[in-house]
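Place chain A on chain Y using the hints.
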Amino acid sequence: MTNNSLGAPCLRTNSQRITARQLAFFTAFLLPVGKLLELPSLLTAYAGGDLLIAALLGLTIEFIPFCCLLFLCKRSKTAPIEALERRCGAPTARIFCGVYGLFLLSYAVLPLLDLEKFSHAAFSDTSPTFFIFAPFFVLCGFICTKGLSAYGRAADLLPVLFLLPILGLIGMSLSEADFTRLLPVMEKPLTVSLKAVWKTTAYFSCSGLLLPMMSAYQYRDGDEKKLLPAFGVGAALTLLFLATFFAVFGLTGEKEHYAVMKLAQYFPALKFVGRIDLLLVYTLSVWLFYYTALPIHLFTECFTRCFSIRKKWMIASISSVALLLFTLFCNKYNNAFHAFFAEAMPPVFLLFSVLLPIAFLLLFGRKRQGRYENNQKREETEVHREE
Amino acid sequence: MRSKKSILYYLCILLFLLIAFFSNDFNLVNVQKTAIITAIAIDKEEDGFSLTALIANPASQGGSEGGAKTGQTADGYAAVQGQGKTVAEALEDVNAKTGWYPKLVFCRVLLLGESLCSGNVFDALDYFLRSDYAADDPLLAATDGKASELLQAKPPLKAAVSEAIEKVLSDQPKRVGAVLTASLRPFAISYFSAGNSGYMPLIVKETGKDGDVFNASKTALFQNGRRIGVLDEKGTFALSCIKNPLRLAAYTVQSQGEENTLLIKQNQRKLRFLLDGDEPTMRINLTLYAEWTDAANSQPLEALSSREKQSALYTNAGNVLSEQIQSTFAYCKSIGFDAFDAIGKLQKYENNHFARLKDSLVQRLQLQITVRFAPVR
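Residue numbers (the numbering used here), protein chains in the order written: chain Y, 1 to 387; chain A, 388 to 764.
Quick caveat, the hints were computed from the structure, so don't treat them as lab data.
Just to be clear, a hint being listed does not mean it is correct.
The calculated SDA-like cross-link candidates involving lysine to any residue, where the alpha carbons are at most 20 angstroms apart (straight line), are [unchecked claim]:
hint: 1; chain 1: A; residue 1: Lys630; chain 2: Y; residue 2: Pro268
hint: 2; chain 1: A; residue 1: Lys652; chain 2: A; residue 2: Val707
hint: 3; chain 1: A; residue 1: Lys621; chain 2: A; residue 2: Asn631
hint: 4; chain 1: A; residue 1: Lys745; chain 2: Y; residue 2: Phe142
hint: 5; chain 1: A; residue 1: Lys720; chain 2: A; residue 2: Asp665
hint: 6; chain 1: A; residue 1: Lys657; chain 2: Y; residue 2: Val185
hint: 7; chain 1: A; residue 1: Lys720; chain 2: A; residue 2: Ser747
hint: 8; chain 1: Y; residue 1: Lys117; chain 2: Y; residue 2: Lys311
hint: 9; chain 1: Y; residue 1: Lys146; chain 2: A; residue 2: Arg517
hint: 10; chain 1: Y; residue 1: Lys146; chain 2: Y; residue 2: Lys311
hint: 11; chain 1: A; residue 1: Lys657; chain 2: Y; residue 2: Glu176
hint: 12; chain 1: A; residue 1: Lys391; chain 2: Y; residue 2: Phe142
hint: 13; chain 1: A; residue 1: Lys391; chain 2: Y; residue 2: Phe130
hint: 14; chain 1: A; residue 1: Lys472; chain 2: A; residue 2: Lys541
hint: 15; chain 1: A; residue 1: Lys541; chain 2: A; residue 2: Asn631
hint: 16; chain 1: A; residue 1: Lys392; chain 2: Y; residue 2: Ala177
hint: 17; chain 1: Y; residue 1: Lys255; chain 2: A; residue 2: Ala522
hint: 18; chain 1: Y; residue 1: Lys332; chain 2: Y; residue 2: Ala177
Here chain Y stands alone, though its shape is the one from the complex:
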């Protein structure tokens, strides 16, 4: 943690930046990971055969704040939280970080509960003890002590280690897929799809993760040419996955939890060689761990900044242990949490992941001038010199 040009603590140091390439990989391949477990069955339950329409609406809702954040970085040449700090002062930025940290903590709940159930189903034939999952929190705590650039470095591995398993699983499921099951398109009124998106807002709020993530990213001219198509690739992969899921399971997909684990299980050769498709699932699990740790990591960053705590490992340890205990005692209320996030939380998610980025763009999206611009130029020169 270093101070920025105005003397306030900053999420980013010069050696802890995420490049546009890494952010593009992150957007294209890590953000869709959160949509591979429960979302397909939930969308099937809420929208039936129109799940692709619902997903398209959800991805559009994600795309708008993504564009806002990117445009904000382009216009103001600074990260969103830094822009807030410069305009409203350090105390406001700290309060904002604290509140945003709480949102990130709530964001972590569903991925965490889903991952716990998924890991039990994917790695065991029977119901194992909770502690099979507990080492995740050690990994999570470790990740949280690292800078945001760790995600950037991990993102460089994503094109191979995400694309290979996901395309492999989709390819293996094609023998059982009947894509005509998706017909007719728009069979139900649009309100059904909108309602489905509303109830699954928690899964279409990835832009909420990008707002603090952008603090480690420095915009350079032309970056949007990488980042906008990257979002498109991620969206296309999500839609392809959902389409294949419905083509394989049809309306029974409502009952098929942890889609990624079940998609390829009917591949004819598996009857003879066993479930080798699980090797691909296990590879994807690595990214599921990373994805689940991301909001906890960002929460750590926000709280560290909010309270100006220099010992980040303390927040990381406390949050990891607290979440371990939360998962240990609350995993039996999985359905209740899902119902709560579907009924009561959508406004909160929309506020933080959609309205807030739009508000940031409107408030801080003007071109910077004078002292701030000079400071920024100085920062950029330092970065160039280091590189």
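Quick look at chain A alone, frame taken from chain Y:
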């Protein structure tokens, strides 16, 4: 990590988690102490379900467990019966009686008794669709009478009943058109689709000198999860030609006064749903590539290469199969069974008319079929 203390804290947490992690059994299974369900038979009773599980247990060769109603079958297998208001409760009853708590993920066969099929079979099948600890694609078969009786059969060669049934319901009889196999997932998909029609083999036990064998060449037809009719062997083959890709299927037909067998190597199926006004039609073009493989009487060499004789045989075979398909279609229509998923096609391709026509579609549907046998090139 900023200090030495932090390493210490982390080591403590790590130590705690390692102790917790290594204190469980890692899901390792002691083969001698576990049991695996390989087949399940479900019957409906007045006050719930009767579930018979065929359990494989390496340690169970000596005899049945005390207190449980069991029937010993092949070596290492026992048929254990449980009762319950729901299938899950009946399964728990089996678990409680044996104390084995057998694994369900290896269950490959589900037999549904006549009493169960007279109501909605998904009263029982829902459990297998929902459970994360059950294989969700076991083979399905309906039975006449009690399903549990089949698990008491004694197949020849000391094979386990589940293995013998699985062989009869496997892909091989499906490829030759002898059995219209069904597994849970596609059956459930058809149940939840617009047509609500599905099918599964009707399996019967035939007792012979060497033991019991199984025959699944008839097909039970389901509408809204309820058994509404049965196709005979010819009907099963006729529907197989339309539904499944055939490989090396033998088809015997009479031509010029004697029985001849054609070996079907491939079947090309083209189904098209047409709606002319309110008149729905299913147009089917079926081409079967086959070779003349046998006749009831020995044939001279000239006959084998005689184009006229072969042409007459192929034409006759096409006509006979076309009649079989039409009579099968007529039977399905008479009982209200949507044999060719016409309602699903109406929903997908003519959705504007779906609400208006879906209820009367099966009764109004006309069939235009062209069946052609062609020699293998």
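Hint check results:
{"no.": "1", "hint": "Lys630/A <-> Pro268/Y", "verdict": "holds (18 angstroms)"}
{"no.": "2", "hint": "Lys652/A <-> Val707/A", "verdict": "holds (18 angstroms)"}
{"no.": "3", "hint": "Lys621/A <-> Asn631/A", "verdict": "holds (15 angstroms)"}
{"no.": "4", "hint": "Lys745/A <-> Phe142/Y", "verdict": "violated (59 angstroms)"}
{"no.": "5", "hint": "Lys720/A <-> Asp665/A", "verdict": "holds (17 angstroms)"}
{"no.": "6", "hint": "Lys657/A <-> Val185/Y", "verdict": "violated (23 angstroms)"}
{"no.": "7", "hint": "Lys720/A <-> Ser747/A", "verdict": "holds (11 angstroms)"}
{"no.": "8", "hint": "Lys117/Y <-> Lys311/Y", "verdict": "violated (32 angstroms)"}
{"no.": "9", "hint": "Lys146/Y <-> Arg517/A", "verdict": "violated (40 angstroms)"}
{"no.": "10", "hint": "Lys146/Y <-> Lys311/Y", "verdict": "holds (12 angstroms)"}
{"no.": "11", "hint": "Lys657/A <-> Glu176/Y", "verdict": "holds (19 angstroms)"}
{"no.": "12", "hint": "Lys391/A <-> Phe142/Y", "verdict": "holds (15 angstroms)"}
{"no.": "13", "hint": "Lys391/A <-> Phe130/Y", "verdict": "violated (30 angstroms)"}
{"no.": "14", "hint": "Lys472/A <-> Lys541/A", "verdict": "violated (30 angstroms)"}
{"no.": "15", "hint": "Lys541/A <-> Asn631/A", "verdict": "violated (31 angstroms)"}
{"no.": "16", "hint": "Lys392/A <-> Ala177/Y", "verdict": "violated (55 angstroms)"}
{"no.": "17", "hint": "Lys255/Y <-> Ala522/A", "verdict": "holds (13 angstroms)"}
{"no.": "18", "hint": "Lys332/Y <-> Ala177/Y", "verdict": "violated (34 angstroms)"}
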